[in-house]
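Given the sequences, and given the hints that come with them, work out the whole structure.
Letter by letter, the chains look like this.
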Amino acid sequence: MTAPALQTTRRCPYAPPDEHTRIRDTDSGITQVTLPSGQVAWALSRLEHIRAMLTDPRFSSDRQNPNFPRFTREQPNFGLMRPSIIQLDPPEHGPARKAVVGEFTVRRMAGLRPRIQQIVDEHIDAMLAGPRPADLVQALSLPVPSLVICEQLGVPYRDHDFFQARSSALLSRAVTNEGRQQAAKELRDYLKDLIAEKAADPTDDLLGRQLTQGNDPEDVLSLAFLLLIAGHETTANMISLGVVTLLERPDELAALRKDPERTLPAIEELLRVYTIAEFANSRVAVEDVEIGGVTIRAGDPVLALSNAANHDPSAFDEAEEIKLDRGARHHIAFGFGIHQCLGQNLARMELQIVFDTLVRRIPTLRLTTPADSLRYKDDAFIYGIHEVPVTWDDPA
Amino acid sequence: MTRIVADLDRCVGAGQCVLTDPDAFDQSDDDGTVVVLRDTPADDDAVKRAQVAVDICPSRALSLTE
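Listed in order, the protein sequences are those of chains U and X.
Counting from 1, one number per residue, gives the positions in the first sequence under UniProt numbering.
Counting from 1, one number per residue, gives the positions in the second sequence under UniProt numbering.
It is worth saying that the hints were derived from the structure and are not from the lab.
All figures in this text were calculated on a predicted structure; none of them were measured in a lab.
You may find that some hints are simply not true.
As the list claims (entries may be wrong) - Derived Cβ-Cβ restraints for the label pairs, each shown as a range:
1) U:A165 with X:T65: 47 to 55 Å
2) X:D30 with U:R82: 22 to 30 Å
3) U:P131 with X:D30: 42 to 50 Å
4) U:D393 with X:D30: 27 to 35 Å
All C-beta atoms, glycine included, are put in the ideal place defined by N, C-alpha and C.
Take a look at the structure:
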């Protein structure tokens with residue numbers, strides 16, 4: 001029997017494809033699917049199984065393993081750069097992550113709050129001064145995280161059109177393998193020059209500090225590439241999806257405006273229901289492992305259906321409902337295991353400031369088209385919305 | 001008495017414990033790893049928060065002992 005092709009189109013913006021739900025509801029919750037690469041991979045769909053897989057060292061993150069799950073038919077060229085932390089297994093992973101994670105602690109992120117608030121205010125000022133309707137994606141969702149990650153890394157924001165375009169191409173399923181390779185190469189070359197400049201003339205920013213702390217410039221390059229892409233599209237898409245969700249729920253929006261304590265739990269729920277990086281939790285087994293009564297053999301590709309797991313009724317009550325005050329934090333929207341998102345506390349901080357500031361400063365903010373007619377990113381590795389047209393009333 | 005135990009070798013500095021209970025957990029400025037500020041939860045609520053921290057710790061670096 002051949003394994004059915006993996007489905008990737010969601011039933012609705014926050015519900016997994018029906019196929020993923022069906023897999024989750026089978027006896028084992030585990031089945032084999034055929035990936036666009038032609039590889040046959042195990043698909044895990046329950047939260048418990050995926051958390052077990054992602055904390056088990058018998059599953060590897062090594063993308064150079066030919067059996068690592070891929071979404072494209074061609075074997076991508078791995079010669080461009082050294083593996084970054086997301087591709088490393090223990091024992092190499094720990095020291096590499098610890099060399100940078102101090103830059104992303106909860107306290108460090110809290111220190112960025114005043115500057116992020118200023119960036120958000122300036123972009124809202126500019127949007128309010130411009131024509132209506134405005135596209136929230138261009139006015140706020142994209143530029144805010146982009147400016148924040150640029151300042152943190154020490155990448156000139158004036159070049160953001162350049163890396164924005166390449167980062168989008170890299171994350172699009174609609175772009176050919178050659179197109180993505182070209183984008184990766186151009187971004188690599190750009191960052192390589194930047195890092196050479198910083199090595200010659202040290203700067204007080206994340207990349208500069210990595211270099212002065214004695215990290216190899218080749219490793220700093222891989223890190224810069226990873227953080228620039230990861231810091232761009234992900235938070236941007238969550239801002240767009242979150243704002244649309246809030247605007248569709250006026251009562252909850254009003255509650256949020258009255259009580260900012262509700263914002264962080266709401267963010268956790270939005271992260272859960274949208275699970276924008278739903279296929280990011282892929283691994284390859286390096287030993288035989290039994291999960292849920294199924295034996296996964298050494299060398300088998302394994303895919304986590306993370307959105308299905310974040311809607312798993314055995315892990316969340318009324319899992320299909322969006323409950324902004326749910327307060328559940330055991331979702332895997334940022335992954336799980338040793339590779340859990342490095343920038344998660346930066347993302348939470350940015351989302352919190354954007355949502356709080358928008359509801360406070362523009363109480364009449366509304367969509368100009370119904371949420372279900374927006375163009376959702378079914379063609380991207382990171383889920384999101386292409387445009388979010390909004391308008392507002394003149395201040396009374 | 002319930003005690004929080006942290007394994008610094010396993011910790012990857014995700015910071016989930018700090019978000020769960022900033023009175024009990026902090027992170028090292030150097031390598032982001034967990035610093036347990038208060039290893040014996042003072043009341044039932046603090047025990048519950050410690051249990052959440054253990055459950056959501058992505059690298060399984062936290063545990064509770066009696």
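Taking the hints in turn, this is what the structure says about them:
A beta carbon spacing of about 53 Å between A165 (chain U) and T65 (chain X) agrees with the range 47 to 55 Å that was offered as a hint. The hinted range of 22 to 30 Å is satisfied by D30 (chain X) and R82 (chain U), whose Cβ atoms lie roughly 23 Å apart. For P131 (chain U) and D30 (chain X), the Cβ-Cβ distance of about 49 Å falls inside the hinted range of 42 to 50 Å, so the restraint holds. Restraint check, D393 (chain U) to D30 (chain X): a C-beta distance of roughly 50 Å breaks the suggested window 27 to 35 Å.
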